[in-house]
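Asker: As you go down the protein sequences, you meet chains A and B in turn. Take 10 as the starting number for the first sequence in this note's numbering and just add one per residue. Take 10 as the starting number for the second sequence in this note's numbering and just add one per residue.
Treat the hints as calculated values from the structure; they're not laboratory data. Heads up, some of the hints might be wrong.
[Unchecked claim] Across the chosen pairs, the derived CB separations fall in these ranges: (1) B:Glu-48 <-> A:Thr-76: 17 to 23 Å; (2) A:Gly-90 <-> B:Arg-60: 21 to 27 Å; (3) A:Asn-24 <-> B:Arg-31: 27 to 33 Å.
Heads up, the beta-carbon is just placed ideally off N, CA and C, and yes, glycines get one too.
2 protein chains.
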Amino acid sequence: MYVIMVYDVEEKRVNKVLKIGRKYLTWVQNSVLEGEITEARLERLKSELKRCISEEKDSVIFYIMRTTKYSERQILGVEKGGKGNFL
Amino acid sequence: MYVIMVYDVEEKRVNKVLKIGRKYLTWVQNSVLEGEITEARLERLKSELKRCISEEKDSVIFYIMRTTKYSERQILGVEKGGKGNFL
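Based on the provided sequences and hints, a complete structural model is requested.
Answerer: Here is the structure:
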């Protein structure tokens, strides 16, 4: 499945969240990672993040696409990071 | 179609990009908007943004889902903004 992870966390936790995210997904731009991932690895990513973020102050959203067949990715301006081999 | 818009732009253009984005989509968290939108309105949103961003320095990515039937949205922590009636 294809996942887009976006996060809005307090400054002191940004590096830690990014470091965890990059173990599983491709950094795309500020606060955004994406990529192909298995169910098991997504669960592991989520539990690592849960141990790191503040449930009251931080927000991490996963958009999970079982298939990218009905999806498309368009960009304006510069491609800052990688592209998680989005079809 | 359902669209997730993420942006990474220079500080002096953030407010303008957010203001334009909010005319078409729901603010979700820092640098992320989402929502149901027609093809025509997406084209209008993109042309407004093109007039505002720097093609060399800024980055705006649209993840476009023709259907949300094969997609899911999961969140860790707090829901900061709205939720664009993602199924």
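Asker: If a hint holds in the structure, say so; if it doesn't, say that too.
Answerer: Hints, one by one, checked against the model:
no.: 1; hint: B:Glu-48 <-> A:Thr-76: 17 to 23 Å; verdict: holds, 21 Å
no.: 2; hint: A:Gly-90 <-> B:Arg-60: 21 to 27 Å; verdict: holds, 25 Å
no.: 3; hint: A:Asn-24 <-> B:Arg-31: 27 to 33 Å; verdict: holds, 29 Å
Consistency with the previously given hints is maintained throughout, with no hint failing.
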